[in-house]
Amino acid sequence: MIRAKLKGNGAWLAVAILVIIPAIVFKEKFFSLTNLLNVLRQSSMIGLISIGMTCVIITAGIDLSVGATVALSAVIAAMLTSRSIVLAIFIPLVIGVTIGLINGVIITKLKVVPFIATLAVQMAVRGIAYIITDLKSVAVAEDALPFIFIGRGYLFGIPVPIIILVIAAVIMIMTCKRTTFGRSLYAIGGNEDAARKMGLRVDRNIILVYILTGLFSALAGIILCSRLGAGQPVSGSGWEMDSISSVAIGGTLLTGGVGSIEKTMAGILITTLIGNIINLQGDINSYVQKIIMGAIVLVVILVQKRTMEKEN
Amino acid sequence: MDQIKKLQAGELFRKYGALIVLIIMLLINAVITPNFVHINTMWNVLIQAFCVLVISMGMTFVIATGGIDISVGSTMAISSIIFAKLLIEMECSFFVSILAALLAACIFGAFNGVLIGVFNFQPIVATLILMISGRGIAQQFNNGAVISFYGNKYSDIGTYRIGGLVPIQVIIVILIIAIALFLAKNTTFGLYVQSIGDNSTASKLVGIRTTAIIVMTYILCAFLAGFAASLETLRICSADPNNIGNNMELDCIAAVAIGGTPMSGGKTIIWGTVVGALVMQLITTMMNMNNIFYAYALVIKSAIIIIALYLQKEKTQ
Amino acid sequence: MDNEYILEMKGITKQFSNVEVLHQVDFKIKKGEVHALMGENGAGKSTLIKILTGVYTKDAGQVFFNGEEIHPSSTLEAQQLGISPIYQEISLIPQLSVAENIFISREIKKKGFIDWKEIYKKAEEILKDLGINIDVRKPLRSYGTAIQQMVAIARSIMINSKMVIMDEATSSLDDDEVQILFNIIRKLKSQGISILFISHRLPEIFEISDSITILKDGSLVGEYPTSSLSRTELVSKMIGRNAEDVVNYKRTNRQIKDEYYLRAKSIKSGVKLRGINLDIRKGEVVGLAGLLGAGRTELARVLFGIDHKDSGSIEINGKEISFKLPREAIKYGIAFCSEDRKVEGIIPNMTVAENLCITNMKKVSYFGVINKRKCSSIAEEFVKKLRIKTPSIAQNIKNLSGGNQQKVILARWLSMEPDFIILDEPTRGIDVGAKKEIEDLIRQMSSQGISILLISSEFEELVRNCDRIVVLRDGMNAGILDGNDISEDKIMNLIANGNMAVGGN
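Chains as they are written, first to last, in my numbering: chain A, 1 to 312; chain B, 1001 to 1317; chain C, 2001 to 2505.
Okay, chain A solo, but in the shape it has when bound (with noise of 0.2 Å):
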């Protein structure tokens, strides 16, 4: 019984095995509170994004436009705050479901395939928040508070940004598992052609994940802007990579079909407690991190496949 539970947590027991070890190794360093929040909240804004991303490498597509997603929508709530906090948190959002939705055009209309199509979306992302913030970076309005409360700020002493990533979280899994939407995204991954013929809405749905990425990532991007404090137009480049080795380290395998977010968020656990401990080290430069981060996507990856060809 608690083998067959054990079974496909693999990224569960690391992240397991990732807290005890260093608990044992840093004691109280590791283990007190803020440590540990300091861990999940730098996690959260990747966390969010990989939660879309997980939908949509479960469909068999990809997102390379969430990184600058991310950027768009933190410049632009940021130029928003002197205006309306309001609009500084819901424009952003609507330009994320915009991207999402033209994301999901274009793969289903024009039948462009995902990896291509957000990659082109992503360059014209970006180039916009290049072009409305002339490069430099935005302040947010000093008086808006509650947007800076939404990065900074906390609920029941837990950080804001991670009460978010749980909540969409919980709501994206029971949506994965207990509804047509969901189980159609592994359908779609699984036999796209197949799908169709059972009368699954399939370019509906693969529109639909695509939007939720983008509103995932406008999210992300809101929370990042109010936690610096300004809005850069060139942050979030590289966060697409990041977000797919999380999902790919927590075994969402990117054929689609198979996965889920749990898994993910396993994953996400992993890279951050791994960078945690790197920190806590102190004599390991963010060079040598890079290195270990790569080795690890390699051996979840090879664990991966000899617990699948042993199940088979």
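There are no misleading hints in this set.
Straight-line Cα separation of at most 25 Å, DMTMM-like style, residue types lysine to aspartate or glutamate; simulated pairs:
(1) K1204/B with D2307/C
(2) K2162/C with D193/A
(3) K1267/B with E2380/C
(4) K2138/C with E192/A
(5) K109/A with E1011/B
(6) K2109/C with E192/A
(7) K1204/B with E2320/C
Derived CB-CB ranges, DEER-like:
(8) N2371/C with F1095/B: 28 to 38 Å
(9) K2138/C with N38/A: 34 to 44 Å
(10) S2142/C with V166/A: 30 to 40 Å
(11) E309/A with E2233/C: 45 to 55 Å
(12) E309/A with K2389/C: 39 to 49 Å
(13) G2011/C with E309/A: 48 to 58 Å
If you are wondering where the hints come from, they were derived from the structure by calculation, not from laboratory data.
A virtual CB, placed ideally from N, CA and C, is assigned to each residue, including glycine.
Given chain A, put chains B and C in place with the hints provided.
Chains B and C in isolation, oriented as in the chain A frame:
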């Protein structure tokens, strides 16, 4: 009759979409861009497009096998820094330095190829590993420091012009394109690459060494990345492991895609990739020569990619 | 009157780029009957089905379903009307569970959320009704083709269909599985559900169908009660000429020298091969008969080096060998025509010439550089020799018909001048005309001294072409038939009962 004409027009776009876009771009530029119709502009476009052109030749083969290589930027970084470190700081001979740089690139390529061909990693995940780690290795190699060598005895090689006229990069790039065309069209390697991308199971059953071909393809791609990086390092007289080759993978993949090589593999359309790379570079050049903020180029490139792919999409049914 | 027919298609016409593929076709199916739609490839069967299921729109004509005129514009719409197609390639999602495959897109919900417990329960019930007891929570891919097909049927029952279309649904099933399927068909029939049945296997048509509609070149030939047609008549009507020679042919006994090409002794591999002996003489056509899973394809894969034997020995020309890879077997002059032409045979987007020469690159290349002229001339030669119908050798192979694709693949192997060819279901999914040509080719090859191992589920095909037939059962030899002993009855008997006296070899 009208229908047939329409069909032919559609077919024309599908086959030569990228070329048509290129010609239109050239015409527009000839009219609106001052000093565009000048031999130096042409050299400049080719020099600027050098890395993308060279590497996307390798990328075309990789994509034709049904794979992808997103680690080429990191491969450039490692080759560039090794080349400069050996040549400038350790004062090795030119030959030894470039050999070491190319060897490092080939090791990267072999690593990718083995993960994909032998261990059956998904190409994007396999090359993601070196995309992350590779740059880290390059940066760690010289602690993130840039090696510059202006005014050095090597600093003129990269800007050498044959007969005082034709830049060395132009000759090299033409040579590499010719070799790639020959490989794709006239060799068993080219045929096998397409066969594997089209149907890997059947390829195995007709006796093709699929694993070896896949590994070779990734080595070829990495080799070209290392080669392009070494020459680029010579031209700009500096090796910056932090920035060289950033986003190179995306530019190359875009060039291949614009050129009409399907991402699902099975075809190597070399001339298409050349056109794709040139289109992308022309947009940038056009913006520069008209003093327009380069961010606009990103937006236009994005539109061109989508349009080119839309025009070329295979008709279903 | 209006209740007798579930489906009436009247005067259906369809053109593709000015070529008429269906001309004024009438097609009717009664309620609760099994109706076979017959015709060679290209006769218009699949176009008619696609119009019925909303994939194509008709240019002219009317479709009445259950008494009402319908205009389905998508498979989904057709399904909602009660028309459910079961395809040749199974259109389900392999990664999802069996239960989910039955219920997806019409899940049972409680408070807006999918009620998994109820779905699992219902799925189990539906399958039990069909006589299948399996774990419905397991992913579909963990089951074989037959079960997957049953799941597809269960799905169509679940969505209350009034008519089920089975398009080559039996092509990947073995005899037992076909019987299970037929039982289900009979059950559906008794519930008043009509079945539109398409199959290349004539015996199945005669076993299960009530009436037959025949199409030829896009036009209706006629509609007949099955009992009024003989097999020969049916084939004659399909191909439009007297078919005696196609159906009733038996290989004449030949004298074959006792010179062995291949001797395989007690080959064991996994659970599928449990000690098989096989001898093939030079120039001999040996048939391999048995049910699916008896070890036919598995044995072929071991001989060709795709899979590996655990024990036993293989001698070729008296020398013991063991191939690790197909390429080693190829070097030895062995060719393998896989049963799955699409996945393991053709390289779809490459030209006929390339597909033909790809095994033979050594011959047409020099230090890795291809001599294209040589490649073309070889291709031209074989296109002519095998009468491959293709506009040119530069045509992509995927655009050819199944029969012609198969011929290209045969040519691929013949061009390397093999000593031994393994043919696994070489005529599956191929129309009658091409089938005959391929069978002629088998005889030709063997008379040139090539040894052939012919694997087929169609006993007639084996009887027509083989010098000797080795019958397998459960991964072991069940018996061998030689010369005048060869007949369908005897193959059947060996498969059913075995015969160790003969099988002892």
